[in-house]
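Trainee: Residue numbers (the numbering used here), protein chains in the order written: chain H, 678 to 1077; chain C, 78 to 633; chain B, 6 to 104.
Since the hints were derived computationally from the structure, they do not count as laboratory data. Be a bit skeptical, because a hint or two may be false.
Each computed EDC-like pair below joins lysine to aspartate or glutamate, with the alpha-carbon atoms no more than 16 Å apart [what the hints assert, rightly or not]:
no., chain 1, residue 1, chain 2, residue 2
1, C, K157, B, D24
2, C, K620, C, D598
3, C, K323, H, E814
4, C, K176, C, D105
5, B, K9, H, E759
6, C, K157, B, E22
7, B, K9, H, D767
Label pairs and their calculated CB-CB ranges [said to hold, decoys possible]:
no., chain 1, residue 1, chain 2, residue 2, range
8, H, G880, C, A346, 52 to 58 Å
9, H, W1066, B, H83, 44 to 50 Å
10, B, H83, C, A395, 40 to 46 Å
11, C, I104, H, G880, 54 to 60 Å
Every residue, glycine too, gets a C-beta built ideally from N, C-alpha and C.
Given next are the chains, with one letter for each unit.
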Amino acid sequence: MRHEPVFDPERDPVQLRVDALNDRYRHHGATAVLERALGDAQVGRIALVSSFGAESVVLLHMVSVMDRDTPVLFIDTQMLFEETLQYQVDVSEQLGLTNVQILRPDPLEVQRRDRFGALHLSDPDACCALRKTETLERALAPYDSWITGRKRFQGGQRTDLEFFENEGDIRIKVNPLAHWAKEDVRDYMVNNRLPRHPLVSQGYPSIGCKPCTSKVGDGEDERAGRWRGRDKDECGIHFLDGKPVRAAPDAQHEEVAETAEGDTTMSERVIVTDDGFAADDWNGALAAPEDEDATAVLLPSDADPEVLRGRLDGLSLVAVEFPSFADGRGFTIARRLRLMGYKGRLRAKGHVIADQYAMARRVGFDEVEIDADLAARQPEDQWRRRSAWQAHDYQSRLRA
Amino acid sequence: MYSYTEFDEAFVRERVAQFRQQVERRIDGALTEDEFKPLRLMNGLYLQLHAYMLRVAIPYGTLNSGQMRQLAYIAERWDKGYGHFTTRQNIQYNWPKLKDVPDMLDALADVGMHAIQTSGNTIRNVTADHFAGAAADEIEDPRPYAELLRQWSTDHPEFQFLPRKFKIAVSGAPNDRAVVKAHDIGLEIVRNDTGEVGFRVLAGGGLGRTPMIGKVIREFLPKDDLLPYCEAIVSVYNLLGRRDNKYKARIKITVHETGLEEFRDRVEARFAQLRPEFGGADQALLAEIKAQFARPPLQASSLAAFESAYTNDPVFRAWTDTNIAEHAEPGHAIVTISLKAHGATPGDATAEQMREMADLAQAYSQDELRISHEQNVILPHVHKSDLPAIHARLKEAGLATANVGLVSDIIACPGMDYCALATARSIPVAQQIATRFDELKLEHDIGPLKIKISGCINACGHHHVGHIGILGLDRAGVENYQITLGGDGSEDTAIGTRTGPGFAYDQIVPAIETVVNTYLDQRESPDETFLQTYKRVGMEPFKAALYPDQEKQRAA
Amino acid sequence: MSRKFTPKVVTANALLEGDVVYLTADDRWTRDHTEAELIEDEAHAQVRLVDASSRADEVVGAYLADAKPGEDGPEPVHFREVFRTRGPSNYAHGKQETV
Chain H
678 MRHEPVFDPE
688 RDPVQLRVDA
698 LNDRYRHHGA
708 TAVLERALGD
718 AQVGRIALVS
728 SFGAESVVLL
738 HMVSVMDRDT
748 PVLFIDTQML
758 FEETLQYQVD
768 VSEQLGLTNV
778 QILRPDPLEV
788 QRRDRFGALH
798 LSDPDACCAL
808 RKTETLERAL
818 APYDSWITGR
828 KRFQGGQRTD
838 LEFFENEGDI
848 RIKVNPLAHW
858 AKEDVRDYMV
868 NNRLPRHPLV
878 SQGYPSIGCK
888 PCTSKVGDGE
898 DERAGRWRGR
908 DKDECGIHFL
918 DGKPVRAAPD
928 AQHEEVAETA
938 EGDTTMSERV
948 IVTDDGFAAD
958 DWNGALAAPE
968 DEDATAVLLP
978 SDADPEVLRG
988 RLDGLSLVAV
998 EFPSFADGRG
1008 FTIARRLRLM
1018 GYKGRLRAKG
1028 HVIADQYAMA
1038 RRVGFDEVEI
1048 DADLAARQPE
1058 DQWRRRSAWQ
1068 AHDYQSRLRA
Chain C
78 MYSYTEFDEA
88 FVRERVAQFR
98 QQVERRIDGA
108 LTEDEFKPLR
118 LMNGLYLQLH
128 AYMLRVAIPY
138 GTLNSGQMRQ
148 LAYIAERWDK
158 GYGHFTTRQN
168 IQYNWPKLKD
178 VPDMLDALAD
188 VGMHAIQTSG
198 NTIRNVTADH
208 FAGAAADEIE
218 DPRPYAELLR
228 QWSTDHPEFQ
238 FLPRKFKIAV
248 SGAPNDRAVV
258 KAHDIGLEIV
268 RNDTGEVGFR
278 VLAGGGLGRT
288 PMIGKVIREF
298 LPKDDLLPYC
308 EAIVSVYNLL
318 GRRDNKYKAR
328 IKITVHETGL
338 EEFRDRVEAR
348 FAQLRPEFGG
358 ADQALLAEIK
368 AQFARPPLQA
378 SSLAAFESAY
388 TNDPVFRAWT
398 DTNIAEHAEP
408 GHAIVTISLK
418 AHGATPGDAT
428 AEQMREMADL
438 AQAYSQDELR
448 ISHEQNVILP
458 HVHKSDLPAI
468 HARLKEAGLA
478 TANVGLVSDI
488 IACPGMDYCA
498 LATARSIPVA
508 QQIATRFDEL
518 KLEHDIGPLK
528 IKISGCINAC
538 GHHHVGHIGI
548 LGLDRAGVEN
558 YQITLGGDGS
568 EDTAIGTRTG
578 PGFAYDQIVP
588 AIETVVNTYL
598 DQRESPDETF
608 LQTYKRVGME
618 PFKAALYPDQ
628 EKQRAA
Chain B
6 MSRKFTPKVV
16 TANALLEGDV
26 VYLTADDRWT
36 RDHTEAELIE
46 DEAHAQVRLV
56 DASSRADEVV
66 GAYLADAKPG
76 EDGPEPVHFR
86 EVFRTRGPSN
96 YAHGKQETV
């Protein structure tokens, strides 16, 4: 059995081990770090996660020399280039890697969330989450640590990368190549006669999924071709390090969202009140919460209602967004607005279902705005059944 | 004991009526499965490996004989004649049909019970010390507070779609029998320096993938502030908790990532906003609830029958030595009925057994029963002179196993025999361990030892806090079991440490036997318990015994 | 690009009864694993899964499970799927009741 950890997760939290490891290996080189990582009990059970991309072969080669039985996890997002899949087979064979595990997204989830394989167009973050991040998360469950090929020179969020990183207090991320320069990578590949990814010579220095990778021009940042034209530079796999940073999918890909909303069903909105269905009588625009002069605002579900403090009296409509009926943040936002003293019109907007109508009313919403599709599927009578929301309410008995 | 008010009754009936419609709307297509799923979960209905499963709440583990008889009736009428008591003071039926579930819920409503919020990303069944109201070491009965919390959390409009499930436990005694430190909110009834009774509030505990021990967020909370303070915690969590990754969505991760100080500041700020909302109606209601939980008057009588049986009947003596706990009233006892007969499924009871236990409760225990998180049934208020008669009847019903707190009193989740999330089986492992130690006749010699088995990382079997914990995993298509040692679910809560590589299905029972034999070799005297020995000698002797080859290699 | 494809069956739970069902080649739901359609081609498997998932009024949670050919028809590969063809190991309930 290999590298069973001797640490106690309770007494030896990830951060402490990471600090100790960084101290210990501060002045070591890539191969020393990797070699020690493969055997260090504080690192525990470890796997190499490889995209079999442009530079992956460096770490694959190092691992094959040190311990070819090391688990190598390869995420096939089912959106990869054919060349990558072939390269994976060829390199694994050539290096004699014995434990390459090919992981694919959960087919049922794919069927549910990306039935037509077009999610990357409307929401690349969701696509990465579905195909890459969640697959990896599942694959990494049995491991205490994983090895990545990230390097400081790649820029973006990576300029102060350490050899060992704390990943959400759950796992250690090992970056043996953190300090390598581009030349080091090239030299290593030349010196060891390693096979190159076939797409590199065609102008792809950084290779991800087919739909979201394009060629980069001379002088551009190597990763410029990833998610080109989008406010995105990390795929979520590397997004959690240290203090976790969260993606804000709503703020991104605006141009894509706009075209998607052009169709007519979205514009036919239904307002639900205790009296049933009605057309929307609000003709004005809804401003962003930061807009100090607005009289009507739309609060996204991740907004802090405090942003409106001090100008609640000047607002005649606040709509709170429900991106999914399973996201209950809007209920707390509404209650907080009421506790802050907002007396105006308060609307729940988005995916709210009839069964949630009483909840919406009880936290202080006046009305719910749904789209025509939902209104067709859950017609007026299903909402009316919940219109007596004051009845059977435990809260009203406890608060007085 | 609490009995439903007209309000409770009407509420539960209304919910059943709503669920009946939701089932119809799912079948006729008005609700998609995606939309129906959280609604059925809110009403305790899961879809498991082989069938639906209905999880019924037994709030704070307390029920009367009529309720227990109704559980038996439901088992026979709509299921396969048995029920499974869980580690969260619930009962599960493993074979209901979708169309029958509304009828089952109506049958529960008939006796003041429900399955509301036994699942889903909401505040779950509030649990409490199963000896509450009877234990000798109690400061105050935690159940009135648990009932108040039940009413507050039920259908709470803000908290039906939290980032993840949310569990609250309350304990009223310094000896923690409710594992409060492993809950999202743990409430310990304490007395402060001036003698005032209030709560020590813990937040952010939990087992599962990332086990964490709850952190004290408020050292002393006045009793009147219970609801606004809990509401502040859950409300802060609702906005702050992660929704991008369900493995990081529990409050333990929120507290951990936010930092306890920052989290506490936010809670206190929210609490200041919410406090004025509760102007005394909750306290008036609490007073009514408390009156209902007042301990029934217990009669003193002669102990001669008990003492004679204790002296003359070794089987009875063995049973009282393990299954009886000290009652606050002299001459009385708390009886734990073991649902862990050797080789049986931990926590399962047949309809006949449920009826027998109901009858015993009615005759001898002030009509009260309790369900423990350790998956046993308790008769909380028994006069010692009745113990011989109770024991005789339990023997008849196959319920007199004298093993409470011993090696065969195993907690086990349903595992892959039922659960859709499981990665390996738990029940047969528990059955085989119990059977094996029964064959060895070592059980009483081994003494107190808690084995807890989970069939996946979600840790419903509390393996992290088992003296010996077993976690079943799927390793490359084969069942594999990891062992942890040194966990503790008591007031000294500790997370167990993994011994090393896991064991195959047919190797796990011998491995447990090796662990226990190592303990027997290492202990200084029969009085030194497994946990004490482990704390003294550490992991090494156990590792050496479990992995002899590795040891040889190291020596070479 | 050739990758070895492990044959699959489409399986789910019945909406009303909750029990385990498999999709047959002629679009029925069967309770018997050996009657399932053994799908040897990856693209076809995806199509069949889409077909199955669209039948939301009959089943819940359709997915593809690994399978292999056997004497009487397809057999499960993973132990979880083996249990699903039988029932729990502590009582003779579920499918094994009727066998």
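Trainee: None of the hints should be skipped; say for each whether it holds.
Mentor: Hints and how they fare:
1. A C-alpha spacing of about 14 Å is found between K157(C) and D24(B), which places the hinted pair at or below 16 Å, so the restraint holds.
2. Note on K620(C) and D598(C): the hinted pairing holds, with a Cα-Cα distance of about 14 Å set against a maximum of 16 Å.
3. Of the pairs offered as hints, the one joining K323(C) and E814(H) holds, with about 11 Å between alpha carbons and a cut-off of 16 Å not exceeded.
4. Pair hint K176(C) plus D105(C) holds up; C-alpha atoms about 13 Å apart against a cutoff of 16 Å.
5. Between K9(B) and E759(H), the direct Cα distance comes to roughly 15 Å. Compliance with the 16 Å bound is thereby established for this hinted pair.
6. The straight-line distance between the Cα atoms of K157(C) and E22(B) is roughly 14 Å, inside the 16 Å bound, and the hint therefore holds.
7. A hinted pair counts as satisfied when its Cα atoms are at most 16 Å apart, and K9(B) with D767(H) qualifies at roughly 15 Å.
8. For the pair G880(H) and A346(C), the supplied restraint of 52 to 58 Å holds, since their beta-carbon distance comes to about 54 Å.
9. For W1066(H) and H83(B), the hinted distance range of 44 to 50 Å is satisfied, since their beta carbons lie about 47 Å from each other.
10. Judged by the Cβ atoms, the range 40 to 46 Å given for H83(B) and A395(C) holds: they are separated by roughly 44 Å.
11. As the Cβ distance of I104(C) to G880(H) is approximately 55 Å, the hint placing it in 54 to 60 Å holds.
In the structure shown, no violation is registered for any of the earlier numbered hints.
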